[in-house]
Every structure is written in C-alpha cells, then in structure tokens.
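Student: Residues per chain are reported as follows:
Protein chains: 2
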Amino acid sequence: MTSWDSGRRRALAQLEEHLAAGRVDEDIVPLLDAINSIEGLYTTSSCSGRIQVAASRLPGDKGVMRVIAKWHRAVTPMEVEAVLAATPEPDVWFAVHQPILHVAAKTLELARLVLVTARNAGFKHSGIQGLGGRYMVEIMSMEKLEAPLRLRGIDLVEPPLLPYLVEAADAMLEKAKERLRRLEAAFTQLQAHSGEQ
Amino acid sequence: MTSWDSGRRRALAQLEEHLAAGRVDEDIVPLLDAINSIEGLYTTSSCSGRIQVAASRLPGDKGVMRVIAKWHRAVTPMEVEAVLAATPEPDVWFAVHQPILHVAAKTLELARLVLVTARNAGFKHSGIQGLGGRYMVEIMSMEKLEAPLRLRGIDLVEPPLLPYLVEAADAMLEKAKERLRRLEAAFTQLQAHSGEQ
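Those protein sequence lines, which keep their order, are chains A and B.
The first sequence begins at 1 in the working numbering and counts up one residue at a time.
The second sequence begins at 1 in the working numbering and counts up one residue at a time.
This is chain A alone, in the form it adopts within the complex:
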C-alpha cells in the first residue's frame, strides 16, 4: 500500500470515529460520503457552515478567540440575547461562517477536478494548497457576517434590534446550506461517473 493509500485509510477511519461520536455536522455527511467514495480522494476536515458568538478583541485573532456559542442551524434573537447577557466578555462578535472543506487528491488531475467542481457549485475562493505528497484542495467561499455585539464593554446593538441582525444571519446560513447541497449533487454525479462504486 502506498503512503497515500494508507493516509486515506487513516483519514477515513478517523472520520468513522468522529461520526460515531456525533462530532460531524449531520448536514454535511452525504457530501463527505460522496467525496470519500471516489477512489483517489478523501476529506480531512469540514464544517457545514455555522452561526457563532465568540469573544476576541478583533475577528480572526486565532488562538485568542474564544467561541462562546455556535449553531449549525438558524437561531432566534432570544438565543443570541441570552448568550450575550450571560457572558462577561468585553468584546463579543456575532458571525456566520461559510462551509469549508479540505479534500486530499492523489493526483494533480484529480485536484483540478475537485477545484472545478467546487468553483462551479459557487465556492469561488477554492484553491489547491498542498503540493507535497498529496494535493490538498480547500473548498470555500468568502461571504461572511462578522459583526460586533459588544466592544470595550459597550453593547452596540440594542436588544429590540437584534431580530434584524439575526434575520440576516439566518438567511446567509440558509444560502450557505443551499450551496452545500449543490456541491453534494455535483460530487454525487462525479462519483457515479467515476465507476468506483
């Protein structure tokens, strides 16, 4: 077995473990299955898109940012208000994060196929990142909501206005999930054509 094949085997075994433990977002499982049933590909990480409340001075402060609450579904203004009321953090951000996946491909040709498939499904900022023993494709788009709820201890959005913000976040998440379903359909078609199953 080549090292690529054993890497694939390890990754799929690990995914099985995560699935069994309920650590994988349910709505991305059919997409992961479609990709992983294509010989020459495997997924290494994924997020189906989420709404999140996190504490950090600025967004993207990796290692410093602390996730206070996250949901892989639409939320209600009351849920967000409750999370905000319960945290003493002085800087709190409300975000919609797009789906993101990493797919390892055995050949450059396959990596290119993954890339084209992702871009056609609307994941316009996808790209090939690793070019060592395996070609790693990052599948993502860039639409984002990242709005401060509180900065330096001051709440910026009054509770009666939270429904407007939450409505926009829920609509963005729904669009993200639709895009994920388009990607699932595209990979399911690839899988049928690949003749591996």
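Keep in mind the hints are simulated off the structure, nothing from the lab.
One thing to keep in mind: the hints can contain errors.
Copies of the same chain look alike in the list, so a pair counts if it fits in one copy or across any two.
In silico lysine-lysine, DSS-like type, Cα no more than 25 angstroms apart, as pairs [claimed, not checked]:
| no. | residue 1 | residue 2 |
| --- | --- | --- |
| 1 | K177 | K70 |
| 2 | K144 | K124 |
| 3 | K175 | K106 |
| 4 | K175 | K144 |
| 5 | K106 | K70 |
Dock chain B against the given chain A, drawing on the hints supplied.
Tutor: Below, chain B without anything else, positioned relative to chain A:
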C-alpha cells in the same frame, strides 16, 4: 514569444496604464513591483485592503451589491456617519476587506513558491486556482468585518456608538497592511535570489 510571455507583457503594460491613471492603491505598488520583476510571474489584479460601506440585502450579493464609499486607509466615525446619513438605501453594510492578489506563474514549481511565500507571510487561505496554460495563485486571508449599519430601513448602531465599530475596523485594516508589508519583504527577498534583476 510564447503565449505565456505575451500574456505577461500585456498584463504588465495594463498595470502601467492603471498606475499612470492613479487606479492602483499606492501602498500595494512596491509589492506588485517585487512580484513583477521576477521572471515567470506577473500580477493580474490586486486590492491592498479597504474599509467599505455598501448597499445590499446580504453581504456577498455579487452584481447586486452597490459600493457607496470605500477607503484604503483608516476612517473616522464622522466619515462613516456622514455616508450613512446621506444614503437612502434600506440595507447598508460596513466592511473591512483583506488584501487580495492574483499572481500568474509560468510553472507549477513557481506557483508553489508563491503559495508557500504567501502562506508564510500570514495569507493562510491562499491557493492555486487556474491550472490551464498558466497557474493562477490567489493570495488572501480570511479575517473580515462585515457588520450591518442598517437593515430594512432601521439603523442598528446608534451614532454615539459608531466610534467603537470604527476603532475595530481601523485596527483590522492596520493589521492587514502590516501583513502586506511582510509579503512585500518576502517577495523582495525572492526577487534578490532569483537573480533576474
């Protein structure tokens, strides 16, 4: 001359035109120069990072979104307040967009070098996108601020609280510009080693 070389020549001539017309963000010019003086590479588009006020129901509504104001520098709360007061748009978003560049490379080896250089400078979501006659590398990171100022005609952030939002935006833009300077230093070093100049 190969078609790649003539593509490079056209792109550089076009850049000269844009520079002469003042259409290129000044603070990205030294980086573009460093990249474009390396044989086998050329830039096709770039933005040095900006603060923006735009109208659209949701962020990322391409083709629909209308930019109302943008700045490639720090802004003041009064500037943002004035723009908001002057627009009748019902849905208005305030954003910090990270620097983004597209670099064409002649070979996969060079594309990989661009990718590694970008990632090491902090542009973690860079990737190779085009794999046809040229390898196109998208250089970007993903930190973003994208906050609604107004939704469905309702202002969400009271004017006295705008300084908190603007302070965060200015700090994010400054971090983005620092990252751009790191990238410039890295490409300047590459250029020195490439021995092409």
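Student: Within, between, both or neither: how does the pair K175, K144 come out at a Cα-Cα threshold of 25 angstroms?
Tutor: Classified as both; 11 angstroms inside a copy, 19 angstroms across copies.
Student: Cα distance capped at 25 angstroms. Does K175 pair with K106 within a copy, between copies, both, or neither?
Tutor: Answer is neither: 31 angstroms inside a copy and 37 angstroms across each miss the 25 angstroms cutoff.
Student: Reference check for the pair K106 and K70, CA-CA at most 25 angstroms: within, between, both, or neither?
Tutor: neither (34 angstroms within a copy, 43 angstroms between copies)
Student: Given identical chains, is K144 near K124, meaning Cα to Cα at most 25 angstroms, within a copy, between copies, both, or neither?
Tutor: both (13 angstroms within a copy, 17 angstroms between copies)
Student: Have a look at K177 and K70 and pick one of within, between, both or neither, based on CA distance no larger than 25 angstroms.
Tutor: within (16 angstroms within a copy, 30 angstroms between copies)
Hint violations for this structure: numbers 3 and 5, all remaining hints satisfied.
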